[in-house]
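*Asks:* This is what each chain is made of:
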Amino acid sequence: MNLERGVNGDSMRRLAFALPIISGVLIVLFLLDLMLGSVNIPLDALFSIMTGGDVKETWMNIFWDWRLPKAITAIFAGGALALCGLLMQTFFRNPLADPYILGISSGASLGVALVMMSAGVCGVGTIFAGMGLLGDVSISVSAIAGAFAVLLLILLISSKIRSNITILILGIMVSYFCGAIVTILLQFADEASLHSYTFWTFGSFSGVTWNQLPVLVLLLTIGFTLSIFSVKSLNALLLGEQYAESLGMNYHRTRIIIITTTALMAGAVTAFCGPIGFLGIAIPHFCRAIFVTADHRILVPGCILVGGIIALCTDLVSHLPGTDIVLPLNAITALFGAPVVIWVIVRGTRFGRGVTT
Amino acid sequence: MSDTAILTCTGLTIGYRNQKTIIKEVSRELNLSLRRGEMVCLIGPNGCGKSTLIRTLTGIQPPLSGEVILCDRRIGEFSPDERARTLSVVLTSQVQAGYLTAFDIVALGRFPYTNWAGHLTDPDKKIVLSALAAVGAGDLAGRFIHEMSDGERQKVMIARALAQEPELMVLDEPTAFLDLPHKIETMRILRQVAQKTNKSILLSTHDLNLAIRCADQLWIIDRKGNMIAGTPEDLVLSGIFGSAFEIEGVHFDAVRGEFSIPVERRGTFTLSAPESVVRIWTRCALERIGFVQAEGTTADISVTVRNEGDKTWWHYSQLGGQQDCDSIRELIGCITSPHNNGDE
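Those protein sequence lines, which keep their order, are chains A and B. When the first sequence is numbered by this note's numbering, its final residue is 694 and no position is left out of the sequence of numbers. When the second sequence is numbered by this note's numbering, its final residue is 341 and no position is left out of the sequence of numbers.
Just chain A, with the same shape it has in the complex (with noise of 0.2 Å):
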């Protein structure tokens, strides 16, 4: 009975009976994403605004110009922070490490904290106040120009070092260095930029607009390929480095290809919709434990999932549904995933299971 689970049977069979569920779970989530938020939309109302029928204007507004954007946002940012998340556990074989570590999102921090002070400084904060805070365009380019100097930095310097472990601590440099020009600039920065940056920190799945979701759809849909393309590779490096290379695997091609699927989903994601923190490290865990395995052609599709569901679930929760009020989006996911880690990780020890990659 237990040559059932190894012979490729049970979790592959766990995938084919979680995959309806999840899907279906995924479905409902997406619908009650659309009906919620501060003014609640009926579901048979939401059925005739996408079938073209006749509905009131404000919930017609409220569902084209911030729901369905908001919502299919949400979807993708979470399904791509979570893979990027076991994408970075597995390449570093560290279970802490998540999609920021190599320091895209503290790059695109960067970016963003100099065009907005900046703005701010040369007095031209008025032209950008005037286009919107989190529509605006040029935070969005400014992030992904941020993210993306990481990218070439950290590429640059692992064609030249081999060992991973050098990379891990070269992307908490770039991090930590990043991260203390946008606190001197800060401290230079006026009342009103501050604001707006810290507001950006916060993230959000609501600023994306439809001119941006295709790009953002674009570029993760192509992170998702490169991964469920990887998927080979990535379960060799679960035995390390050198196994992976002894069973033929080009281990120099696999680790750009990861590098750089990583940083264009998550600097994408933090790009749009600002560094969400949190979904990243804990949804491979949670996968682990619920698929039972390691094996990375069930955790690449269950992650792009679970990401999503969880994502749909933090933004519901984060728009207080019935109210006005509009939590920070970072403050839900660690307030509500850390205990769910907590418990993922106290059960599995007792049936002692490794929640270590």
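Source of the hints: derived by calculation from the structure; they are not laboratory data. A quick note: this is a predicted structure, and the numbers were derived from the prediction, not measured. Using N, Cα and C, we set each Cβ at its ideal position, and we do this for glycine too. It is possible that part of the hints are untrue.
Here's a subset of chain B near chain A, in silico, CB distances under 10 Å, partners left out [as the list claims (entries may be wrong)]:
#	residue
1	Lys21
2	Glu22
3	Arg25
4	Ser76
5	Asp78
6	Glu79
7	Ser90
8	Tyr96
9	Ala104
10	Gly106
11	Phe108
12	Thr111
13	Trp113
Following the hints, put chain B in place on chain A, whose structure we already have.
*Replies:* Just chain B now, with coordinates in the frame of chain A:
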């Protein structure tokens, strides 16, 4: 066993280089060959360059000069995929993956053969299961690797190397960290694999006693980096084996094929007992406390083993008197107590 060489080295010099300058030459002008189905133990004191040689032979590290020929081709000419199908390794580093079953790990050995997603075909699954069975780990298939003992984990890693279906398996100290029965079991498994599947095996080890008894060929590296190859028996008879490892006070006992533990000599003994296990272990006990077998019939002490039905006892006599003892412990007590020993 056929005579075809799987691995040959000619004029191989190994060591480390930095850019173009040679920094450290570990061992030079090595000429080695490893035949199909042969099991070779690489032994040598710590720091003699075993790991460097293994890294060079597996193509991880380029040689400073000379060539490594694997299956009639230079090791550097293999593509990563081809090399993985010809050569598999078991490293000393432990795999620390959670949520991976033994089957999953062994299935990774099929890496060079599977498609982009690593999909296992039915033949692949069969190979994985038979690899597990070959190392006696068939019942471990569904167990998680982090729930296994060191011995079980080592079996799984050997099965993984086997599932790669290589011509040559290279193992870096596979018996380290194992207790003695598991060391022996690991060696037995490897011997069996070499004989049944006709694969060649190269392993490094510090367990000299095991190496002498299991290997078809020994490659000995001494402290100066010189290498001597040969069958264990030849190397023991010529004294090379002993001289490579003997250190101050520790000598190789060629008769028993093991290193003797030096003890201070206390006297001589005669032992009269029928040929039996009891006789062998009584002798061991006497030697352990520093007595050697007397050449003639006169000795400092004499011990007689007597049997009556199920009961065995030891009769001990010396100048000062005699005594019957029920166990070897009691016998040793009699011999070593100052009252009995030299009380004249």
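*Asks:* Flag every earlier hint the structure violates by its number, smallest first.
*Replies:* 1, 2 and 3
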